[in-house]
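All chains should be built: construct the whole structure from the sequences, respecting the hints.
Residue numbering for the sequence shown is -22 to -1, 1 to 80, as defined by mature numbering (1 follows the signal peptide of the UniProt record, and there is no 0).
Just so you know, these hints were derived from the structure itself, not from any lab. Among the hints, a few may not be true.
[Unchecked claim] Mimicking EDC-like on lysine to aspartate or glutamate, the simulated pairs with C-alpha atoms at most 16 angstroms apart in a straight line are:
(1) K17 / E54
(2) K52 / E26
(3) K52 / E27
(4) K29 / D59
(5) K41 / E27
(6) K42 / D32
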Amino acid sequence: MKRIIIKSMVVLLVVCGTNTFANTTDKTNEKVTEEVSEKTSVLIHRIEEIKSMDKSTMTRAEKKTVKNELKAIKRELKQQDNGVYISVGGVIIIVLLLILLL
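Shown next as structure tokens:
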């Protein structure tokens, strides 16, 4: 009897969640994404310029500065990446929930 009550309480807590909705729209987020996309396109254009350079005429120091600049640009592009990542455990839980619900 005790286990049934505990299980039913857990089910109620999982199923009956509260929902909150935000009525305001954030316009600053749109501006930020536009600025980020412009900056990203500039950085990608710079990478293409570096790749198309004739490096055979450069000195060792110039090659080193170009290489460091390229590394810095790639690092900055990785920081701007806003991808969504799901762990393996999360995928397993989602699949199990789908199997149980369907």
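These are the hints, each one checked on the structure:
With a C-alpha separation of about 10 angstroms, the suggested pair K17 and E54 falls inside the 16 angstroms cut-off, and the hint holds. The straight-line distance between the Cα atoms of K52 and E26 is roughly 12 angstroms, inside the 16 angstroms bound, and the hint therefore holds. A distance of roughly 14 angstroms separates the Cα atoms of K52 and E27; the hinted pair therefore holds under the 16 angstroms criterion. About 22 angstroms separates the Cα atoms of K29 and D59, which puts this hinted pair outside 16 angstroms; it is violated.
Pair hint K41 plus E27 holds up; C-alpha atoms about 14 angstroms apart against a cutoff of 16 angstroms. The straight-line distance between the Cα atoms of K42 and D32 is roughly 14 angstroms, inside the 16 angstroms bound, and the hint therefore holds.
In summary, the structure is inconsistent with hint 4 from the numbered list given earlier, while agreeing with all the others.
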